[in-house]
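K.L.:
Following the hints, position chain B against chain A.
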Amino acid sequence: MWDKIKDFASEFFVTGDPLIYGADVSIGLTLIAVVAALTYFKKWTWLWKDWLTTVDHKKIGIMYVIASLLMLFRGGVDALLMRTQLAVPNMEFLAPEHYNQIFTTHGVIMILFMAMPLMFGLFNLVIPLQIGARDVAFPFLNSLSFWLFFFGAMLFNVSFVIGGSPDAGWLAYPPLSELSHSPGVGQDFYIWGIQISGIGSLMTGINFIVTILKMRAPGMKLMKMPMFTWSVLSSCLTIILAFPILTITLALLFIDRYLGAHFFTLDMGGNPMMYINLIWMWGHPEVYIVILPAFGIFSEVVATFSKKRLFGYKSMVFALMAISVTSFFTWAHHFFTMGSGANVNAFFAISTMIIAIPTGVKVFNWLFTMYRGKLSFPTPMLWMIGFIPCFVVGGMTGVLLSVAPADFQFHNSYFLIAHFHQVLIGGVAFGYFAGLYYWWPKVFGFKLNEKIGKWAFWFWNIGFYVCFMPQYVLGLMGMTRRVSSYGWDKGWYELNLTSTIGGFLMGIGFLFQVWQILHSIKFMERDTTGDPWDGRTLEWSIPSPAPMYNFATLPRADDKDAWWEEKQRIAQGHAPKPQPKIEPIHMPKNSGIPFIMSACFFVAGFGFVFDWLWMAIPGLIGVVACMLAHSFNYKTDYYIPVDEIKRTEAAARRVI
Amino acid sequence: MMKGLRRLTAVLSLFAMTILMAGCSDKVVVLNPKGEIGKHQLDLIIISTVLCLVIIVPVLILTFYIVWKYRHNSKKATKYEPEWEHSTKLETIWWSIPIVIIAILAAVTIKYTHMLEPSKPLEHEAKPIVIQVTSLDWKWLFQYPDQGIATVNYIQFPDNVPVEFQLTSDAPMNSFWIPQLGGQIYTMSGMAMKLHLIAEEPGDYMGMGANFSGRDFGKMEFTAKATSQAEFDAWVQQVKDSSPALTTEGYEQLAIPGVSEVETFSSIPEGLFNKIVNKYGAHNHGSGSAEHTDNSGETTNEGATEHEHGNAEATMNHEGHVGHE
Chain A
1 MWDKIKDFAS EFFVTGDPLI YGADVSIGLT LIAVVAALTY FKKWTWLWKD WLTTVDHKKI
61 GIMYVIASLL MLFRGGVDAL LMRTQLAVPN MEFLAPEHYN QIFTTHGVIM ILFMAMPLMF
121 GLFNLVIPLQ IGARDVAFPF LNSLSFWLFF FGAMLFNVSF VIGGSPDAGW LAYPPLSELS
181 HSPGVGQDFY IWGIQISGIG SLMTGINFIV TILKMRAPGM KLMKMPMFTW SVLSSCLTII
241 LAFPILTITL ALLFIDRYLG AHFFTLDMGG NPMMYINLIW MWGHPEVYIV ILPAFGIFSE
301 VVATFSKKRL FGYKSMVFAL MAISVTSFFT WAHHFFTMGS GANVNAFFAI STMIIAIPTG
361 VKVFNWLFTM YRGKLSFPTP MLWMIGFIPC FVVGGMTGVL LSVAPADFQF HNSYFLIAHF
421 HQVLIGGVAF GYFAGLYYWW PKVFGFKLNE KIGKWAFWFW NIGFYVCFMP QYVLGLMGMT
481 RRVSSYGWDK GWYELNLTST IGGFLMGIGF LFQVWQILHS IKFMERDTTG DPWDGRTLEW
541 SIPSPAPMYN FATLPRADDK DAWWEEKQRI AQGHAPKPQP KIEPIHMPKN SGIPFIMSAC
601 FFVAGFGFVF DWLWMAIPGL IGVVACMLAH SFNYKTDYYI PVDEIKRTEA AARRVI
Chain B
1001 MMKGLRRLTA VLSLFAMTIL MAGCSDKVVV LNPKGEIGKH QLDLIIISTV LCLVIIVPVL
1061 ILTFYIVWKY RHNSKKATKY EPEWEHSTKL ETIWWSIPIV IIAILAAVTI KYTHMLEPSK
1121 PLEHEAKPIV IQVTSLDWKW LFQYPDQGIA TVNYIQFPDN VPVEFQLTSD APMNSFWIPQ
1181 LGGQIYTMSG MAMKLHLIAE EPGDYMGMGA NFSGRDFGKM EFTAKATSQA EFDAWVQQVK
1241 DSSPALTTEG YEQLAIPGVS EVETFSSIPE GLFNKIVNKY GAHNHGSGSA EHTDNSGETT
1301 NEGATEHEHG NAEATMNHEG HVGHE
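Which chain is which? The protein sequence lines are A and B, in order. Note that this note's numbering has the first sequence beginning at 1, numbered continuously upward. Note that this note's numbering has the second sequence beginning at 1001, numbered continuously upward.
So here's chain A without its partners, still in its complex pose (with noise of 0.2 Å):
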């Protein structure tokens, strides 16, 4: 009996490495030190019913941004592992089998847990609020989105200790993802992992669609929204289009693994050509999802801080729907190598190309926005122009990645990993911070301490160059990605070393804004106004952190720039407008049913992951009773009464 158990808990957990040991002894005590704080200051019934069952769009979205960060934090820690493996030839710190699980678990993670989450969670931190909204379309949609990634995301961390890490790649190349090649759970992890997260990324893009298109503020046209709010239309389209294609490809490859069908296989007339090209028909718009809400970012970012109007907004929007368009047709840039012909592979070059003129129209209307302009430099701002030099050497050299014969030599170099870190960190991550300082103190009532956050700023931005303009050059002495280690006959050994430098660098930025955050929870003063950066949009018309309705009464947004002009017309003396009456308000009811149902999802794919039907079944039949409990619920909404909403209002306010 004790033999067994001994048998199974050595193939159930992951065992045989110090480092893991270390990752177990941490995860353990940080479980146990979360379960005894929740005990002791008796915060339990707060957790669940504050935080686990809200359908409060503002919680939800800083859920997603603590889970993102945790996710940075992990990919992060990936990164430096590889960085370290690589810092010197021949280096014996990650054995190769580790070395592929660390890529392919940083690539996901990187881009599936962290970058569209911390997306997720802007959208959820600014749309309703700019578009003078009281919530998103479907509040219980939300919510389950937000928890169906998020135990998609764990489904996937728990390889780390259980079963094994997927080691294919991010994007799991069949034939090594099928059974013949991984027969261990990790790649089962992968896929589920993946998938319940998925099925959460396509809701939220239906959601703010709907949110967008029904739920503005009157007055407020389509050619009058936020340029931020137009970026999260087109990346949201780009979402609904996008996703099915990954969902399918990995249904395939798991009834390949599961059931023993051939779709992918190498024999049996499977044929893994044909993943490579739908996983890529999903993964290039992929990308483009998430640099286009960063685009919105920088394009609110730079108007507010030029204390001007964004320059050429028809010109951007066009520009964000050509290129969520165009990313549907780019999908074969990634296998030139694969000898389509000539043809096909200057027809991918050229839709490839094509990209950069709308992304370079964009970049010289962000020029022009601060032309003439009056320009401070707070963090939001320093990454924004930390952005620009970054992203447009990172866009030149994707130019020539795209012309086809040159891309022979620079294919699955590193000249490639340098070029997709230049546009991911340098547009998507800048970005996304750049989002995160600019509209923290609207979420939390405070700014981030800036002195801090310009240390992190120098530390990420210098980091980034000494990290990876070094890798350019590798890549054009032929070195390959994901290779573990390498002899010094190959000269890498100095430009190697200066990477790992810089992703160290980049480390201790991160380290930085930790403690800016930190810091400024203890120490930074509250922002009374709701308006701290003399914003634009309507989010800023309201206090900070808004009250759980948003708005007391809807706005009106009869302007681009509705905030700004309502306060130039008060600053030249004319009366503000005048508030309609305010009502009783229409509210979703919170509900734990999100949480449970996405809780059965990861039993279910658990179960599937370890082929335990016993589990997988009732896990299944879980989700479904959520589904029914959810359709017989009828007592979804609630109103605020007046009396409260005045109460609230004055609190906030400070007013009467």
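No wet-lab data here; the hints were simulated from the structure. Values in this document were obtained by computation on a predicted structure and should not be read as measured data. No residue lacks a Cβ here, since even glycine has one placed at the ideal position from N, Cα and C. Check the hints yourself; a few may be wrong.
Among chain B residues calculated to face chain A with C-beta under 8 Å, some are [said to hold, decoys possible]:
| id | residue |
| --- | --- |
| 1 | Lys1039 |
| 2 | Thr1063 |
| 3 | His1072 |
| 4 | Trp1095 |
| 5 | Ile1104 |
| 6 | Thr1109 |
| 7 | Pro1121 |
| 8 | His1124 |
| 9 | Met1173 |
| 10 | Tyr1186 |
| 11 | Phe1232 |
| 12 | Gln1253 |
| 13 | Ala1255 |
| 14 | Val1259 |
P.N.:
Chain B only, in chain A's frame:
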């Protein structure tokens, strides 16, 4: 702020210098091609870089200029136009500049894409030498059908003679890359790809498996040695005289996942390469478009040629299934 900017500039120029200095060293293989294909690709890299720089450099300068000039705490009074948000003239300019640049680049790309199509034979008076490449877990098998020899993780061929690589895989997809001779191409099971390269001077060129294919793919390095015709012939003779034969069983041993040293074989089993290609049910996909496939000059062994390929597909798909039932 400005101190930071200055620091950034210093760091950037330091890197520019490193890159330039590194460019001079022959370790930067992509920038030091030794064959026609690699040279054309370098030309293309240079053309596209210059075209991009035409627009990037002014943008970067403009960025620093605007940020510097319109900073709020500037001593000089600058124009402030908070309502200025549109200019058809300006926007037309910056829609058209990228369009023109991309149009030029697109034209260049189309031309080079056809010119450098990897399955297209090189125009050269010498008859190409055929090397059949198979990527295995985690080593390379090279077969010389004309010479009747085989090697592992090492190739040798005469300089100034076109080399026709026929490539397949008996393992997860990899990518065959000799940077100094030219760009890479995937090796995929169930199909025979073609890649034509040439070395214009003798030398030991670094070759590698560029695409991740499992645990030890990083060990799939090989040397591609270009020598004079005489030296090559001597080497072939030496391999024939002193190396063991590669048998079918020997191949199966070799295909077992694991890393390998350099090996040489004095003979190869009849039709081994085609057997590997057809093992998975051949797809008529291999060499790009059919018009580029040139059968005329080949004395090579059967099968990878297009018409037989087609036949093979019809029968092999069938056999492939039978084989597994």
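K.L.:
A separate judgement is required for each hint: does it hold in the structure or not?
P.N.:
A quick look at each hint next to the structure:
1. Hint status for Lys1039(B): violated, given a least beta-carbon distance of 11 Å to chain A, over 8 Å.
2. Here the hint on Thr1063(B) is kept, as its CB sits about 5 Å from the closest CB of chain A, short of 8 Å.
3. Because the smallest distance between the Cβ of His1072(B) and any Cβ of chain A comes to about 5 Å, under 8 Å, the interface hint for this residue holds.
4. With a least beta-carbon distance of about 6 Å to chain A, the hint placing Trp1095(B) at the interface is held under the 8 Å criterion.
5. For the restraint placing Ile1104(B) at the interface with chain A, the shortest Cβ-Cβ distance is roughly 10 Å, beyond the 8 Å limit, so the hint is violated.
6. This hint holds: Thr1109(B) has a C-beta 5 Å from the nearest C-beta of chain A, less than the 8 Å allowed.
7. The beta carbon of Pro1121(B) is not positioned within 8 Å of any beta carbon in chain A (closest approach about 14 Å), and the interface hint is therefore violated.
8. Interface restraint check for His1124(B): the shortest CB-CB distance to chain A comes to about 19 Å, outside 8 Å, so the restraint is violated.
9. At about 7 Å, the closest approach between the beta carbon of Met1173(B) and any beta carbon in chain A falls short of 8 Å, and the interface hint on this residue holds.
10. Given the 8 Å rule on beta carbons, the hint for Tyr1186(B) holds: about 5 Å separates it from the nearest Cβ of chain A.
11. Using the Cβ-Cβ criterion of 8 Å, the hint placing Phe1232(B) at the interface with chain A is not satisfied: the shortest such distance is roughly 24 Å.
12. For Gln1253(B), the suggested interface contact is broken, since its CB lies about 19 Å from the closest CB of chain A, more than 8 Å.
13. With its C-beta approaching chain A no nearer than about 13 Å, Ala1255(B) sits outside the 8 Å limit, and its interface hint is violated.
14. With a cut of 8 Å, the hint placing Val1259(B) at the interface with chain A is violated, because the nearest CB-to-CB distance is about 10 Å.
The structure fails hints 1, 5, 7, 8, 11, 12, 13, 14 (numbered hints given earlier, in ascending order).
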